[in-house]
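K.L.:
Take these sequences, add in the hints, and give me the full structure.
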Amino acid sequence: MAASPPRILLLPGWQNSGPGHWQSLWEARHGDQRVEQHDWMRPLRGDWSARLEETVADAGGPVVLAAHSLGCILTAWWATHTRHAAKVRGALLVAPGDVERPDIAAQIHGWAPIARQRLPFPAALVGSRNDPYCSFDRAQELADAWGARFVDYGERGHINADSGLGDWDEGRGWLMQLATAA
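Residue numbering for the sequence shown is 4 to 185, as defined by our numbering.
Rather than coming from a laboratory, the hints here were simulated on the basis of the structure. These numbers were taken from a predicted model, which means no experiment stands behind them. Don't take every hint at face value.
The calculated SDA-like cross-link candidates involving lysine to any residue, where the alpha carbons are at most 20 Å apart (straight line), are [what the hints assert, rightly or not]:
#1 K90 - R132
#2 K90 - D35
#3 K90 - A182
#4 K90 - D140
#5 K90 - A184
#6 K90 - A53
#7 K90 - A60
#8 K90 - E57
#9 K90 - A127
#10 K90 - R10
#11 K90 - T183
#12 K90 - W177
#13 K90 - Q180
#14 K90 - T58
#15 K90 - S7
#16 K90 - P135
#17 K90 - R37
#18 K90 - D61
#19 K90 - A62
#20 K90 - P65
#21 K90 - Q110
#22 K90 - P8
#23 K90 - S138
#24 K90 - G150
#25 K90 - A115
#26 K90 - Q36
#27 K90 - A108
#28 K90 - W80
#29 K90 - F139
#30 K90 - G160
#31 K90 - W43
#32 K90 - A31
#33 K90 - E158
P.N.:
Following this line, the structure appears as structure tokens:
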């Protein structure tokens, strides 16, 4: 009997992902599961981490994480505390938000410092050279710290709806590579 494919869990960032965001398009097109948070506007790291823990624990089988912005920071924090890391086949980490930057830390409290332990599952981090929320160098540093393969995505801003990616088939391809590599 063949193993069931992993469930794709979408981890949006601060303020959630709107209807034109690749995460929302993947949810509609592929049936991926968005991890719904209690408060998208005032994110609390402990609450968000507990919600991710519940969702992974409740998943019937393996999962793959598709994180954007603050969702990347959540993934790293959660991975340091979870009892369910073995269920994660991989993580696509897209445009992490640098919550240690003073301007961002002033808006999103309690998320710094960023967890920098090596992730206990395979990961790829996609970074943009002109992301307004994380410098290219910082994105590379995070990829190194997390043990993630780094993808230089050129000048694509925050790799969100404003980047004009639509369904973002290229990103979906990277996600599927992670899903099938284990």
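K.L.:
Next, verify each hint and record whether it holds.
P.N.:
The hints, checked one at a time:
Among the hinted pairs, K90 with R132 is inconsistent with the structure: their alpha-carbon atoms are about 32 Å apart, more than 20 Å. Note on K90 and D35: the hinted pairing holds, with a Cα-Cα distance of about 16 Å set against a maximum of 20 Å. Among the hinted pairs, K90 with A182 is consistent with the structure: their alpha-carbon atoms are about 11 Å apart, no more than 20 Å. With a C-alpha separation of about 30 Å, the suggested pair K90 and D140 falls outside the 20 Å cut-off, and the hint is violated.
Distance check on the hinted pair: K90 and A184 sit about 14 Å apart at the alpha-carbon level, within 20 Å; holds. Simply put, K90 and A53 have alpha-carbon atoms about 16 Å apart, close enough for the 20 Å limit, and the pair holds. A threshold of 20 Å between alpha carbons decides the hint, and for K90 with A60 the separation of about 8 Å falls inside it, so the pair holds. Using a Cα cut-off of 20 Å, the hinted pair K90 and E57 holds, with the two alpha carbons roughly 12 Å apart.
Pair hint K90 plus A127 holds up; C-alpha atoms about 17 Å apart against a cutoff of 20 Å. Only pairs whose Cα atoms come within 20 Å are accepted, and K90 paired with R10 is accepted, the gap being roughly 10 Å. Distance restraint check for K90 and T183: the Cα-Cα separation of roughly 13 Å lies within the 20 Å cut-off, and the hinted pair is therefore satisfied. For the hint linking K90 to W177, the alpha-carbon distance of about 19 Å falls within 20 Å, and the restraint holds.
A threshold of 20 Å between alpha carbons decides the hint, and for K90 with Q180 the separation of about 16 Å falls inside it, so the pair holds. Restraint check for K90 and T58: the C-alpha separation of about 11 Å stays at or below 20 Å, so the hint holds. Note on K90 and S7: the hinted pairing holds, with a Cα-Cα distance of about 13 Å set against a maximum of 20 Å. This hinted pair does not check out: K90 and P135 have alpha carbons roughly 33 Å apart, beyond 20 Å.
Taken as a hint, the K90 and R37 pair is honoured in the structure, with Cα atoms around 17 Å apart against an allowance of 20 Å. Between K90 and D61, the direct Cα distance comes to roughly 11 Å. Compliance with the 20 Å bound is thereby established for this hinted pair. Annotation: proposed proximity of K90 to A62 holds, straight-line Cα distance about 9 Å (limit 20 Å). The hinted pair formed by K90 and P65 meets the criterion: a straight-line CA distance of about 5 Å does not exceed 20 Å.
Taking the CA atoms of K90 and Q110, the gap is near 33 Å; set against the 20 Å cutoff, the hint is violated. Simply put, K90 and P8 have alpha-carbon atoms about 12 Å apart, close enough for the 20 Å limit, and the pair holds. Taking the CA atoms of K90 and S138, the gap is about 31 Å. The hint is violated against a cut of 20 Å. Taken as a hint, the K90 and G150 pair is honoured in the structure, with Cα atoms around 18 Å apart against an allowance of 20 Å.
Pair hint K90 plus A115 does not hold up; C-alpha atoms about 26 Å apart against a cutoff of 20 Å. The suggested pairing of K90 with Q36 holds, with an alpha-carbon distance near 15 Å, which does not exceed 20 Å. Of the supplied pair hints, the one linking K90 and A108 is violated, its CA atoms being roughly 31 Å apart against a limit of 20 Å. Of the supplied pair hints, the one linking K90 and W80 holds, its CA atoms being roughly 16 Å apart against a limit of 20 Å.
About 30 Å separates the Cα atoms of K90 and F139, which puts this hinted pair outside 20 Å; it is violated. Distance restraint check for K90 and G160: the Cα-Cα separation of roughly 32 Å exceeds the 20 Å cut-off, and the hinted pair is therefore not satisfied. With a C-alpha separation of about 25 Å, the suggested pairing of K90 with W43 is violated against the 20 Å cut-off. In summary, the hint linking K90 to A31 is not supported, as the alpha carbons are separated by about 24 Å, beyond the 20 Å threshold.
A threshold of 20 Å between alpha carbons decides the hint, and for K90 with E158 the separation of about 33 Å lies outside it, so the pair is violated.
The structure fails to meet hints 1, 4, 16, 21, 23, 25, 27, 29, 30, 31, 32, 33 from the earlier list, while all remaining hints are met.
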